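These are the residues of each chain, in order.
Number of protein chains: 2
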Amino acid sequence: MNLISSKSNPKIKETKKLFNSSKDRSKNGLFVIEGLRLCFDAFCSGVKIKTAFLTEKSYNKFQNAKDVANCADEFYIVTEDVLKHISDTVSPQGIVCVCENICNEFVDKDKLKAVVLCDVADPSNLGTISRTAEAFAVDLLIVSGGCDIYNPKALRASMGALFRLPILEIKQDGLFEFLNEHNIKIYATVVKNSQYKINEVSFDEKSAIIIGNEANGIPSEVVEQSDYTVTIPMNGRAESFNAAAAASISIYEMVRESL
Amino acid sequence: MNLISSKSNPKIKETKKLFNSSKDRSKNGLFVIEGLRLCFDAFCSGVKIKTAFLTEKSYNKFQNAKDVANCADEFYIVTEDVLKHISDTVSPQGIVCVCENICNEFVDKDKLKAVVLCDVADPSNLGTISRTAEAFAVDLLIVSGGCDIYNPKALRASMGALFRLPILEIKQDGLFEFLNEHNIKIYATVVKNSQYKINEVSFDEKSAIIIGNEANGIPSEVVEQSDYTVTIPMNGRAESFNAAAAASISIYEMVRESL
Numbered sequence: 458m459n460l461i462s463s464k465s466n467p468k469i470k471e472t473k474k475l476f477n478s479s480k481d482r483s484k485n486g487l488f489v490i491e492g493l494r495l496c497f498d499a500f501c502s503g504v505k506i507k508t509a510f511l512t513e514k515s516y517n518k519f520q521n522a523k524d525v526a527n528c529a530d531e532f533y534i535v536t537e538d539v540l541k542h543i544s545d546t547v548s549p550q551g552i553v554c555v556c557e558n559i560c561n562e563f564v565d566k567d568k569l570k571a572v573v574l575c576d577v578a579d580p581s582n583l584g585t586i587s588r589t590a591e592a593f594a595v596d597l598l599i600v601s602g603g604c605d606i607y608n609p610k611a612l613r614a615s616m617g618a619l620f621r622l623p624i625l626e627i628k629q630d631g632l633f634e635f636l637n638e639h640n641i642k643i644y645a646t647v648v649k650n651s652q653y654k655i656n657e658v659s660f661d662e663k664s665a666i667i668i669g670n671e672a673n674g675i676p677s678e679v680v681e682q683s684d685y686t687v688t689i690p691m692n693g694r695a696e697s698f699n700a701a702a703a704a705s706i707s708i709y710e711m712v713r714e715s716l
Numbered sequence: 458m459n460l461i462s463s464k465s466n467p468k469i470k471e472t473k474k475l476f477n478s479s480k481d482r483s484k485n486g487l488f489v490i491e492g493l494r495l496c497f498d499a500f501c502s503g504v505k506i507k508t509a510f511l512t513e514k515s516y517n518k519f520q521n522a523k524d525v526a527n528c529a530d531e532f533y534i535v536t537e538d539v540l541k542h543i544s545d546t547v548s549p550q551g552i553v554c555v556c557e558n559i560c561n562e563f564v565d566k567d568k569l570k571a572v573v574l575c576d577v578a579d580p581s582n583l584g585t586i587s588r589t590a591e592a593f594a595v596d597l598l599i600v601s602g603g604c605d606i607y608n609p610k611a612l613r614a615s616m617g618a619l620f621r622l623p624i625l626e627i628k629q630d631g632l633f634e635f636l637n638e639h640n641i642k643i644y645a646t647v648v649k650n651s652q653y654k655i656n657e658v659s660f661d662e663k664s665a666i667i668i669g670n671e672a673n674g675i676p677s678e679v680v681e682q683s684d685y686t687v688t689i690p691m692n693g694r695a696e697s698f699n700a701a702a703a704a705s706i707s708i709y710e711m712v713r714e715s716l
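These protein sequence lines are chains P and C, in that order. Residue numbers for the first sequence follow this note's numbering, beginning at 458 and rising by one. Residue numbers for the second sequence follow this note's numbering, beginning at 458 and rising by one.
What the hints contain is simulated information worked out from the structure, not anything from laboratory work. On a predicted model such as this, the values are computed, not experimentally measured, just so you know. Fair warning: there could be bad hints in the mix.
A pair counts as met if it fits within one copy or between any two copies, since identical chains are not told apart.
What the hints assert, rightly or not - The list that follows gives simulated cross-link-like pairs (lysine-lysine, BS3-like), each with its CA atoms no further than 30 Å apart:
id : residue 1 : residue 2
1  : Lys480    : Lys541
2  : Lys505    : Lys484
3  : Lys642    : Lys566
4  : Lys649    : Lys468
5  : Lys568    : Lys649
6  : Lys610    : Lys518
7  : Lys505    : Lys654
8  : Lys654    : Lys523
9  : Lys514    : Lys649
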């Protein structure tokens with residue numbers, strides 16, 4: 458068991474960089490999570506934990522923390538100060554883990570529901586939408602454009618759903634090639650001028666619903682290549698929904714018949 | 458036009474207290490909003506604006522800010538520093554308004570949809586749920602227990618919906634008396650052991666859906682007095698939804714037939 462008490466320890470500097478920078482995470486294929494609940498959830502979900510940092514108190518007090526530490530490739534005991542330095546929150550269950558990017562296999566099936574996130578920017582929205590997708594047993598989460606699913610806030614808001622969902626990261630060019638190749642019908646959610654109200658759509662057995670950016674929606678070239686455009690009808694006077702609320706309603710409607 | 462350049466000005470001290478303390482807001486029947494968009498939205502929605510604080514720059518640059526200032530009972534030009542002191546965010550469209558509590562009349566009708574918030578604690582959830590309620594033309598928002606609808610974050614997340622919805626603040630004791638008196642059927646949303654799946658419910662013409670606390674749900678004595686219990690079925694493995702996501706789906710289902 459190794460002790461780290463300095464913030465300038467290379468391992469700590471590296472972890473802080475990963476925590477803060479999406480570019481760094483992407484380059485290394487690694488991400489960082491914190492808190493006993495989320496770290497233990499990652500462990501139970503089969504996420505590969507490369508390094509675990511724990512305070513002595515959490516190592517001694519929580520069996521779950523000990524389990525996570527012992528399954529990691531390496532683990533370090535760190536001072537409260539150092540732990541605080543590499544995390545967002547102060548928690549008595551101090552633990553931070555560096556993990557390898559998630560890799561849950563996608564299995565093609567005759568009946569299949571997918572969610573495509575296209576430039577969803579807010580990490581909390583990303584997390585909330587993933588949580589809804591998992592609750593409704595969505596088979597595949599496709600991530601396209603500027604969605605940073607390894608953002609610590611997104612992972613936290615997903616309540617671990619991002620650890621367990623089959624995820625495909627794909628460039629916009631490859632999106633339709635993939636969906637067409639797998640005979641998946643594509644429903645683009647738009648705010649207005651859609652072909653269908655979402656509550657009147659009978660979704661195909663293999664369906665993907667596309668959720669766009671909070672401010673700008675789905676890029677027009679993506680909308681154009683979709684099979685259908687759908688809207689959540691509003692009978693009130695609000696201009697729009699919160700993005701995660703709209704996405705949750707849309708995913709619900711896609712799976713509603715099967716519930 | 459009066460200039461305030463000191464943070465210890467009594468008007469500023471009073472406003473900061475209102476901004477930070479729900480007890481203070483409640484005692485005075487006042488609340489505080491900030492930012493040009495939200496303040497102008499309040500003005501357009503007929504909210505009574507008691508005092509407006511603006512930076513000189515926003516007063517001179519934005520006609521909307523000037524309109525808000527001129528309709529307020531009184532307005533003050535303040536320095537950037539003072540404005541920052543009484544708000545959460547730094548914005549080039551610096552404006553903060555003290556408003557009188559919202560008072561939109563509830564009109565009873567033969568067909569009526571209501572949403573009851575019971576101890577919803579997170580201000581962002583409160584705001585998001587209200588935004589969904591407005592988008593779906595909900596006729597009445599009932600607020601019971603510890604819901605702080607005048608929290609600045611809640612008002613912001615509601616995108617002004619809280620300015621426009623008829624809102625009834627009511628103690629738990631009076632809730633059922635009110636609903637029964639108006640012949641409104643009551644549907645309590647619960648996570649498990651419900652009588653009905655929400656997608657199989659045919660909602661009454663006069664319906665109220667109850668949304669509970671993020672961690673603890675609806676108090677058991679409220680569930681017991683409700684006419685029905687309903688659940689959003691999950692076919693996936695997540696334990697639960699994000700509270701605002703679940704509420705949005707539930708409200709959507711209540712109005713779905715009419716969309």
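Hint check:
1. Lys480 x Lys541: within (22 Å within a copy, 33 Å between copies)
2. Lys505 x Lys484: within (17 Å within a copy, 53 Å between copies)
3. Lys642 x Lys566: So Lys642 and Lys566 pass the 30 Å test inside one copy only (14 Å; across, 42 Å).
4. Lys649 x Lys468: neither (50 Å within a copy, 45 Å between copies)
5. Lys568 x Lys649: For Lys568 and Lys649, the Cα distance is within 30 Å both inside one copy (29 Å) and across copies (27 Å).
6. Lys610 x Lys518: within (26 Å within a copy, 36 Å between copies)
7. Lys505 x Lys654: Answer is neither; intra-copy 42 Å and inter-copy 37 Å both fail.
8. Lys654 x Lys523: So Lys654 and Lys523 fail the 30 Å test inside a copy (51 Å) and across (40 Å) alike.
9. Lys514 x Lys649: neither (54 Å within a copy, 36 Å between copies)
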